[in-house]
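For the protein sequence lines, the chains are Y and E, in the order given. Each step along the first sequence adds one to the number in numbering that gives the first Met the number 0, with nothing skipped, and position 140 is 139. Each step along the second sequence adds one to the number in numbering that gives the first Met the number 0, with nothing skipped, and position 48 is 47.
Calculated directly from the structure, the hints in this document are not laboratory data. Heads up, the beta-carbon is just placed ideally off N, CA and C, and yes, glycines get one too. It cannot be assumed that every hint is accurate.
Computed Cβ-Cβ distance ranges for the label pairs, DEER-style [to be verified]: (1) Y/V318 - E/I19: 58 to 66 Å; (2) Y/K81 - E/S56: 48 to 56 Å; (3) Y/T193 - E/E8: 42 to 50 Å; (4) Y/I317 - E/G145: 17 to 25 Å; (5) Y/K81 - E/F113: 33 to 41 Å; (6) E/L171 - Y/I12: 35 to 43 Å.
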Amino acid sequence: MTFELTFWWLLAIKLAVAAAVVPVIGMVIGYAEMKLSAHMQSRVGPYFAGGRFGWAQLIADGVKFIQKEDIIPDEADRPVFKWAPALVMLGTMALLVIVPLHPSSRYGIVRDLEVGIFYALAISSVSTIGVLMAGWSSANKYSMIGGLRAAGQLIAYELPLVLATVGVVIQAGTMSMQGIVSAQVAQGWPFVLTQFIGFAIFMIATLAELTRLPFDMPIAESELVMGYVTEYSGFRFLFFFLAEFANMFSMSVIAATLFLGGYGLWGINPDTLLSPIILFAKVGILVFLMIWLRWTLPRLREDQLQTLAWKWLIPISIVNIIVTAVLKVVL
Amino acid sequence: MTFSEWIVEPVNWAFLAMAIPMVIAALRVVTSRNVVHAALFLVLALAASAGLFILLSAEFVAWVLVLVYIGAVVVLFLFGIMITRAPIGRETNLSHDTRWPAAAAALGVFAVTFWLINAVTEQMGGFGDPLPAVGRATATGILGEGFINTYLIPFEAVGFVLLAALIGGITLARKDLTPAEEDEGARV
Chain Y
0 MTFELTFWWL LAIKLAVAAA VVPVIGMVIG YAEMKLSAHM QSRVGPYFAG GRFGWAQLIA
60 DGVKFIQKED IIPDEADRPV FKWAPALVML GTMALLVIVP LHPSSRYGIV RDLEVGIFYA
120 LAISSVSTIG VLMAGWSSAN KYSMIGGLRA AGQLIAYELP LVLATVGVVI QAGTMSMQGI
180 VSAQVAQGWP FVLTQFIGFA IFMIATLAEL TRLPFDMPIA ESELVMGYVT EYSGFRFLFF
240 FLAEFANMFS MSVIAATLFL GGYGLWGINP DTLLSPIILF AKVGILVFLM IWLRWTLPRL
300 REDQLQTLAW KWLIPISIVN IIVTAVLKVV L
Chain E
0 MTFSEWIVEP VNWAFLAMAI PMVIAALRVV TSRNVVHAAL FLVLALAASA GLFILLSAEF
60 VAWVLVLVYI GAVVVLFLFG IMITRAPIGR ETNLSHDTRW PAAAAALGVF AVTFWLINAV
120 TEQMGGFGDP LPAVGRATAT GILGEGFINT YLIPFEAVGF VLLAALIGGI TLARKDLTPA
180 EEDEGARV
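Generate the whole structure from the sequences, applying the supplied hints.
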């Protein structure tokens with residue numbers, strides 16, 4: 000009986016940690032985005048909040064969002080409107096389950112699943128439903144168009160995202176996140192060296208899945224106000240906002256794990272407490288890359304977006320899979 | 000096994016916690032007065048059936064259900080509904096005249112499938128241990144080997160049938176245009 004008790008306590012603690020991690024990550028990355036974009040545009044960005052460097056800007060924003068009125072349009076479909084942000088958040092939080100922080104599973108956030116990467120891709124696709132629900136239930140034409148664009152985009156880019164990971168799975172011979180990391184630690188070099196095409200496709204598809212520039216047509220401010228989040232305010236808006244940044248984190252964790260060797264680094268014993276720091280450093284580099292691309296590239300047109308996915312990324316990733324599989328058998 | 004013996008097993012509570020919402024959601028898919036709500040109830044029903052697969056230690060199948068059906072098929076449904084016509088609120092003309100024959104046909108399909116599975120498993124010596132290896136997922140590798148080695152021909156045959164069904168569906172749904180209409184379409 001004591002065992003079961005510890006299991007439930009552990010479950011409660013892990014849930015609390017996961018619930019706390021999402022806003023913290025969201026705020027850290029949100030702040031980084033504000034500051035970096037400001038400096039890229041020769042501005043200073045947040046400056047006053049918190050005394051120095053405006054470090055408390057996002058905390059102030061969060062408090063502001065929470066105390067704002069929760070407005071639901073009269074014409075809106077209330078239950079669907081209310082559940083949409085929760086579903087988007089569900090996809091985000093469930094991704095944190097498989098983050099491999101350390102070779103010992105005791106330090107993982109929850110556990111190492113045998114279907115690892117496949118689980119991550121499956122559960123992240125649930126967010127699409129949330130986006131469509133938000134777009135439809137808002138009873139607003141901008142929201143509707145934004146939701147439709149998001150659906151078209153997420154369907155198109157989910158395929159290259161999934162296909163790009165297959166090369167790594169073939170090379171590692173497992174889908175478990177821990178297994179993929181230990182395969183890279185064992186061979187001494189990360190998969191990005193052999194799977195560079197897969198890595199590039201994965202990062203492009205990730206940007207599209209996160210609906211960030213240059214793929215932000217679903218929320219294109221100059222055309223659609225704010226796309227599917229137009230009618231959301233206060234706490235529910237905060238959910239979409241945090242989910243985007245937390246998703247940046249979890250997709251970067253997946254990319255770092257699959258292609259950059261996760262917590263492993265040349266010459267460093269992975270069985271120390273340095274491992275999570277190494278992983279977070281790699282994630283930081285990838286997040287910086289995403290922010291950098293966002294403030295550098297202009298928005299694609301809708302037809303260019305679909306052409307890129309269906310005519311370029313998907314065929315290239317299929318060729319990549321075939322070549323990897325043949326080489327795996329031959330070598 | 001009596002019901003009171005059955006109900007004390009925690010695994011069976013989990014089964015009920017997923018099966019009951021699943022049945023309710025499945026009924027709401029066909030009784031809902033709004034197409035979008037119907038599609039969303041379908042998501043709930045599929046999610047619950049994924050949960051049932053997890054209960055059976057078939058982790059990979061469960062996530063395939065989520066990725067393919069929730070993540071792609073229902074999203075396409077919703078996309079199709081919304082891009083054509085998706086009013087908010089109740090609709091009056093959703094129920095089809097032939098709903099009772101359709102219900103009878105659905106029950107018939109259920110009965111035949113149920114009988115078939117029962118008959119086949121009896122020939123193979125009945126269902127095995129009802130819950131093999133609780134807590135240990137079926138290895139994905141075993142599934143893959145099964146598909147590509149042991150059951151390659153049935154697998155390809157199913158793929159062929161699905162492809163044929165797809166082409167058949169397109170042929171049925173497609174409206175052939177007259178040359179004049181095609182010309183007009185080209186100009187638009």
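Are Y/K81 and E/F113 spaced within 33 to 41 Å by their CB atoms? 38 Å, holds
Range first: 42 to 50 Å. Now tell me if the beta carbons of Y/T193 and E/E8 are that far apart. 49 Å, holds
Evaluate the given range 48 to 56 Å for the C-beta pair formed by Y/K81 and E/S56. 35 Å, violated
CB-CB spacing for E/G145 and Y/I317 relative to the 17 to 25 Å hint: At 24 Å between Cβs, range holds.
Quick one: are E/L171 and Y/I12 within 35 to 43 Å, going by C-beta? Hint violated: Cβ distance 55 Å, outside 35 to 43 Å.
Distance restraint evaluation - Y/V318, E/I19, Cβ atoms, bounds 58 to 66 Å: Given about 47 Å between the Cβ atoms, the range is violated.
Hint compliance for this structure: hints 1, 2 and 6 are broken, all remaining hints hold.
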